[in-house]
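I would like the entire structure built from these sequences, with the hints used as guidance.
Take a look at the letters that make up each chain.
Protein chains: 2
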Amino acid sequence: MNGKIVRALATIALGAIIWFIPVPQGVTPQAWHLMAIFVATIFGFILQPMPIGAVALTSITFTALAGVLKPAEALSGFSNTTIWLIVSAFLFAKGFIKTGLGRRIAYVLIRAIGDSTLKLGYTLVLSDLIISPATPSNTARAGGIIFPIVRSLCTAFDSEPGVSARKVGSYLMQTAYQGNTITSAMFLTSMAGNPLIALLAAQALHIQITWGQWALAAAVPGLISILVVPYFLYKFYPPEITKTPEAKALATSELKKMGAMSRGEKIVSMVFVGALVLWSTSQYSKLDATVVAMLAVVVMLATEVLEWKDVLEEKGAWDTLIWMGSLVGLADFLSKLGFIPWFAKAVAAGIAGIPWVPAFVILTVVYLYAHYAFASLTAHITAMYSAFVAVAVAAGAPPYLAALALGFMSNLCMSLTHYAAGPSPIYFGAGYVDQNTWWRLGFIVSVINLVIWVGFGSIWWKVLGLW
Amino acid sequence: MNGKIVRALATIALGAIIWFIPVPQGVTPQAWHLMAIFVATIFGFILQPMPIGAVALTSITFTALAGVLKPAEALSGFSNTTIWLIVSAFLFAKGFIKTGLGRRIAYVLIRAIGDSTLKLGYTLVLSDLIISPATPSNTARAGGIIFPIVRSLCTAFDSEPGVSARKVGSYLMQTAYQGNTITSAMFLTSMAGNPLIALLAAQALHIQITWGQWALAAAVPGLISILVVPYFLYKFYPPEITKTPEAKALATSELKKMGAMSRGEKIVSMVFVGALVLWSTSQYSKLDATVVAMLAVVVMLATEVLEWKDVLEEKGAWDTLIWMGSLVGLADFLSKLGFIPWFAKAVAAGIAGIPWVPAFVILTVVYLYAHYAFASLTAHITAMYSAFVAVAVAAGAPPYLAALALGFMSNLCMSLTHYAAGPSPIYFGAGYVDQNTWWRLGFIVSVINLVIWVGFGSIWWKVLGLW
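First to last, the protein sequences are chains U and Y.
With the numbering used here, letter number 223 in the first sequence gets 264, and the count goes up by one each step, no holes.
With the numbering used here, letter number 342 in the second sequence gets 383, and the count goes up by one each step, no holes.
The set of hints was computed from the structure by calculation and includes no laboratory data.
Virtual Cβ for every residue (Gly too), placed ideally from N, Cα, C.
Be careful, since some hints might not be right.
Derived pair list, reagent style SDA-like, types lysine to any residue, alpha-carbon separation capped at 25 Å [said to hold, decoys possible]:
id, chain 1, residue 1, chain 2, residue 2
1, U, Lys327, Y, Gly108
2, U, Lys350, Y, Asp351
3, U, Lys45, Y, Thr196
4, Y, Lys356, U, Val492
5, Y, Lys284, Y, Ser294
6, U, Lys111, U, Ala57
7, U, Lys139, Y, Lys45
8, U, Lys356, Y, Lys356
9, Y, Lys111, U, Leu106
10, U, Lys350, Y, Gly496
11, U, Lys111, Y, Leu317
12, U, Lys139, U, Ala153
13, Y, Lys377, Y, Val64
14, Y, Lys327, U, Leu106
15, Y, Lys356, U, Ala153
16, U, Lys503, U, Val492
17, U, Lys327, Y, Asp351
Computed beta-carbon distance windows for the label pairs [to be verified]:
id, chain 1, residue 1, chain 2, residue 2, range
18, U, Gly67, Y, Ala243, 57 to 65 Å
19, U, Leu317, Y, Ile485, 57 to 65 Å
20, Y, Gly300, U, Ala54, 52 to 60 Å
21, U, Asn43, Y, Lys111, 45 to 53 Å
22, U, Glu345, Y, Leu317, 43 to 51 Å
23, U, Tyr413, Y, Thr344, 25 to 33 Å
24, U, Asp199, Y, Thr344, 21 to 29 Å
25, Y, Lys307, U, Val47, 46 to 54 Å
26, Y, Gln249, U, Ala54, 54 to 62 Å
27, Y, Ser303, U, His247, 50 to 58 Å
Simulated coverage check for chain Y against chain U, where a stretch passes if three residues somewhere in it have a Cβ under 8 Å from a Cβ of chain U [what the hints assert, rightly or not]:
id, region
28, 93-101
29, 114-126
30, 326-335
31, 347-357
Encoded structure:
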C-alpha cells in the first residue's frame with residue numbers, strides 16, 4: 042500500500058511538474074496541459090499505482106474536471122472505430138477458444154509435421170500464423186489458443202518447471218512466445234495496436250496503410266523471421282530432447298477425443314474465412330474493418346456459438362475499451378491541439394543536419410528499445426509512434442518506410458521483456474524460462490529481427506515501390 | 042430455438058416492410074431507413090430473439106453495413122456522456138453494495154421506526170429514497186440493496202412463498218417495489234434513463250432540466266405518492282401480521298453483527314455526500330453530472346473501496362453500455378436526420394383542432410400504458426419520449442409541463458408489469474406475488490400515480506412557475 046502511494050505521488054508529481062513548466066512558444070497552454078496529463082498517464086501505466094484501466098479513468102476524469110477537454114471530448118475515444126475493432130476482436134477470439142477450433146488447427150499441424158522438437162517449434166509458430174490475421178488479440182492467440190497446447194506438450198514429454206524444464210519446455214515456450222512476436226507484426230489485424238498504427242500514420246503523415254499493403258510489406262521479413270528465430274533458439278537455447286514422436290501420438294489422440302468438427306467449430310471456420318476474405322479485400326469493397334469484425338461477432342451470436350454472457354464476461358474487452366479508449370481520446374486531442382506536430386518539429390530541428398539514413402536508424406533503435414519501459418505494445422505505440430514517425434519524415438525519411446519500420450518495431454519489441462505485453466506474463470509465469478535468460482534471449486532476438494525487418498525489409502519495400 | 046427463429050424473422054420482417062414502404066414526402070430515404078432499423082430494434086427488444094445487447098449490436102452493424110450511417114456515426118453513442126453516467130452509476134452502486142453501507146442505512150431506519158408492518162413498508166421506501174439520488178441504477182438499488190433486506194425480513198417473520206406469503210412478504214415485496222417506482226421518478230440521478238429524458242427534452246424542445254429543477258418539481262407529487270401508495274397497498278393488499286417488534290430486534294442484531302462502520306463504508310458515505318452536493322449544485326458550478334459520477338468512481342478506486350476487477354465484472358454496466366449506447370447513437374441520428382420533427386409534425390396535424398388539455402391528457406395516458414409492451418424504462422423513453430413530447434408541445438402544451446409529466450410517467454409506468462424494468466423480475470421471481478395480482482395492483486397504483494403526478498403535480502409546477 043505504501044509502495045502504491047509512493048508510485049501514485051510520483052505519477053502525480055511528474056504530471057504537476059510538466060503542467061507548471063512555463064509553456065514553450067508555439068504550444069497553447071491547453072495542449073501543454075493535456076500533454077502533462079498524457080505523460081503522467083503513461084508514467085502511471087508504467088508505475089501502476091492502480092491497474093492501468095483505473096489510471097486511464099482517473100486521467101480522463103481529471104482532464105474533464107480541470108476543463109482541459111470538455112466531458113464529451115474526454116470520452117470521445119470510446120466511440121473510436123479502432124477501439125471497437127479491438128473489442129470485437131476479443132469476442133472473435135472467444136469463438137476460437139470456446140469452440141476449440143484453435144486447438145484443433147494446432148493439433149492437425151502437429152500430427153502432420155511434429156515429429157521433432159524443432160519441427161514442433163515451427164508448427165506452433167505456424168499455427169499461430171494461420172490464425173493471426175483473424176485474432177487481433179495476440180494475447181488471446183498466444184495465451185488462449187497456443188499456450189494450453191504448449192503446456193500439454195511439455196507434460197507429454199515429462200518436461201516440468203525445474204530440472205526437467207530444458208527437456209523441451211523451455212525451448213517450446215520461448216519459441217511459441219517469440220513466434221507470436223513475429224506474427225503480431227505481420228497483419229493489420231494480428232495485434233490490437235496495429236490498426237492504431239495505421240490510424241496514427243494516417244493522422245501524422247496523411248498516408249493510408251491498407252490491410253493488403255501491410256500484409257504484403259510484412260510477408261518477406263516476416264517469413265524470414267519465422268524461419269530464422271525458431272532455428273536460432275534451437276541452436277542457442279537447445280532442448281535436451283530433439284526427437285518427439287510422442288507429439289504426433291498426443292495430437293492424434295487429442296483429435297480423436299475431439300471427434301468430428303462440432304457445429305460451433307464449423308461456423309467459426311466459416312466466419313473466420315469470411316472475415317479474412319472481407320478484411321483482405323477491404324481496399325476494394327470499402328468495407329470498414331471494424332464493421333467486418335462486428336459482423337463476425339453478430340453471426341456468432343445469432344448462431345449461438347457465442348452467448349451474450351460470453352460477451353459480458355469478456356473482461357479483456359472491457360479493460361481494453363476503458364484504458365485504450367481513454368488514451369486514444371487524449372492522444373487524438375494531443376494531435377488536434379497541435380502538440381505532436383510542434384514536438385516533432387522541435388526534435389527534427391535538433392537532429393537537423395544529420396543525413397536521414399543515420400537519423401532514421403537512430404530513431405528506430407531508440408523506439409525499439411524504449412519498450413523496456415513499457416508493459417503494453419499499445420501504450421508504447423500511443424505514447425511514441427506519432428512523434429517518432431513525424432520526426433523521421435521531417436528528417437527526410439520516406440513516409441511509408443518510416444511508418445512501416447516503426448510499425449513493425451512496435452510489435453517486435455515484445456521480444457524484450459517478461460512484461461512486454463499480454464502474452465509475456467503468461468509464458469513467463471509458466472516457469473520454464475528465468476528472467477535473466479528471457480532478457481538475454483529477448484535482446485538477441487530483437488537484434489535478429491531488427492536486421493531482418495529493417496535490413497531486408499527496406500529492400501523488399503523498395504521492390505514494392507513503397508518508397 | 043424454433044421460437045427464437047420465428048421471433049427473429051418477425052423482427053427482420055417488420056424492419057424490411059417499413060424499409061420498403063414508399064418513403065413519405067418530407068423525409069429523406071436515409072432517415073426513413075434508419076427509422077425502419079430503429080423500429081425493428083425496439084421490436085427486437087420486445088420479442089428478444091437474442092438478448093437486447095445482441096439485438097442492439099446487430100442493429101448498429103447492419104446500419105453501418107447498409108451504409109445508412111458511417112461506422113463512426115453508428116458507434117457514436119458509445120462516447121455519449123449520458124451513457125457514461127450510467128456506467129459510472131453502476132460502479133457507484135457497486136460501492137454501496139460491496140461495503141454494506143446500503144444495508145446499514147436500511148437497518149438503522151428499521152431499528153428506529155420499524156415496529157409495524159406498515160411502518161416497515163414506509164421504512165423500506167424511505168431507505169430507497171435516501172440513497173436514490175446517488176444510485177441512478179434503480180435495479181442496483183431495489184435489487185442489490187433493498188431486496189436482500191426485504192427477503193431477510195420475510196424469513197424473520199416466517200413468511201415464505203406459498204401459504205405464508207401473505208403474512209408480511211407479499212405486502213413488503215410489493216411496497217418496496219412500488220416505492221422504487223416512485224423514487225426512480227424523483228431525481229435526475231435516481232434512474233438511469235432520467236438523464237436521457239433531460240437530454241431528449243433538450244434536443245426536442247431546447248429546454249434545460251437541471252438536477253435541482255427535476256428534484257424540486259418531483260418533490261411534492263413524489264412525497265404524496267410515497268405517503269399514499271404504501272398505505273393503499275396496506276389497505277387493499279393487507280399483510281396478515283401487522284405488528285412487527287421482531288424487525289427492530291433483527292435490525293439491532295444485524296447492526297451489532299456489522300459492528301462499527303468500516304473504512305469502506307465511511308469512504309462511500311463521504312463520496313455519496315460529496316456527489317450529492319456536486320450534483321445538486323451543478324447548475325451553479327457547471328460541473329457535468331457524468332464527470333461527478335466518474336470522480337466518485339475514481340475516488341472509490343483510488344481508496345481501494347472498489348477494485349479494478351469489480352469494475353470489469355460489473356456486467357450490468359457493459360450490457361447497458363452496448364444496448365443503450367447503440368440505441369442512443371441511432372436515436373440521435375434519427376433526430377439529426379429530421380425524422381422525429383417530421384413525425385411529431387405529422388401526428389400534431391392529426392390531432393389539430395383538439396384543445397391542448399385533452400390532447401395532452403390523451404398523449405400522457407397512451408405514453409404511460411404503452412409500457413405494457415416494454416421490458417425496459419430506457420427503451421420506452423428512447424422509443425417514444427422525443428416524439429410524444431414534441432407532439433404535446435406542437436398541440437399547445439407548455440414545454441416544461443409536457444417534458445416533466447412524460448418524464449415522470451417514464452418511471453411510474455414501472456408499476457405495471459413483472460417485466461417492466463430491471464427490478465421487476467427480481468421482486469416477481471421471489472415468488473410472493475403472482476402475476477395476476479401484480480398486474481391488478483400495478484394498474485391501480487399507476488392510476489393513483491397518474492392522478493397525483495399529473496393532477497397535483499401540474500398545480501405544483503404552476504406554483505413553481507414552470508409553465
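Going through the hints against the structure:
no.	hint	in the structure
1	U:Lys327 <-> Y:Gly108	holds (11 Å)
2	U:Lys350 <-> Y:Asp351	holds (17 Å)
3	U:Lys45 <-> Y:Thr196	violated (44 Å)
4	Y:Lys356 <-> U:Val492	violated (46 Å)
5	Y:Lys284 <-> Y:Ser294	holds (19 Å)
6	U:Lys111 <-> U:Ala57	holds (20 Å)
7	U:Lys139 <-> Y:Lys45	holds (22 Å)
8	U:Lys356 <-> Y:Lys356	holds (9 Å)
9	Y:Lys111 <-> U:Leu106	violated (31 Å)
10	U:Lys350 <-> Y:Gly496	violated (44 Å)
11	U:Lys111 <-> Y:Leu317	holds (22 Å)
12	U:Lys139 <-> U:Ala153	holds (24 Å)
13	Y:Lys377 <-> Y:Val64	holds (18 Å)
14	Y:Lys327 <-> U:Leu106	holds (10 Å)
15	Y:Lys356 <-> U:Ala153	violated (42 Å)
16	U:Lys503 <-> U:Val492	holds (16 Å)
17	U:Lys327 <-> Y:Asp351	violated (40 Å)
18	U:Gly67 <-> Y:Ala243: 57 to 65 Å	violated (39 Å)
19	U:Leu317 <-> Y:Ile485: 57 to 65 Å	holds (59 Å)
20	Y:Gly300 <-> U:Ala54: 52 to 60 Å	violated (38 Å)
21	U:Asn43 <-> Y:Lys111: 45 to 53 Å	holds (50 Å)
22	U:Glu345 <-> Y:Leu317: 43 to 51 Å	holds (44 Å)
23	U:Tyr413 <-> Y:Thr344: 25 to 33 Å	holds (32 Å)
24	U:Asp199 <-> Y:Thr344: 21 to 29 Å	violated (49 Å)
25	Y:Lys307 <-> U:Val47: 46 to 54 Å	violated (24 Å)
26	Y:Gln249 <-> U:Ala54: 54 to 62 Å	violated (40 Å)
27	Y:Ser303 <-> U:His247: 50 to 58 Å	holds (56 Å)
28	93-101	holds (count 5)
29	114-126	holds (count 8)
30	326-335	holds (count 5)
31	347-357	holds (count 6)
Violated hints, in rising order: 3, 4, 9, 10, 15, 17, 18, 20, 24, 25 and 26; the structure is consistent with all others.
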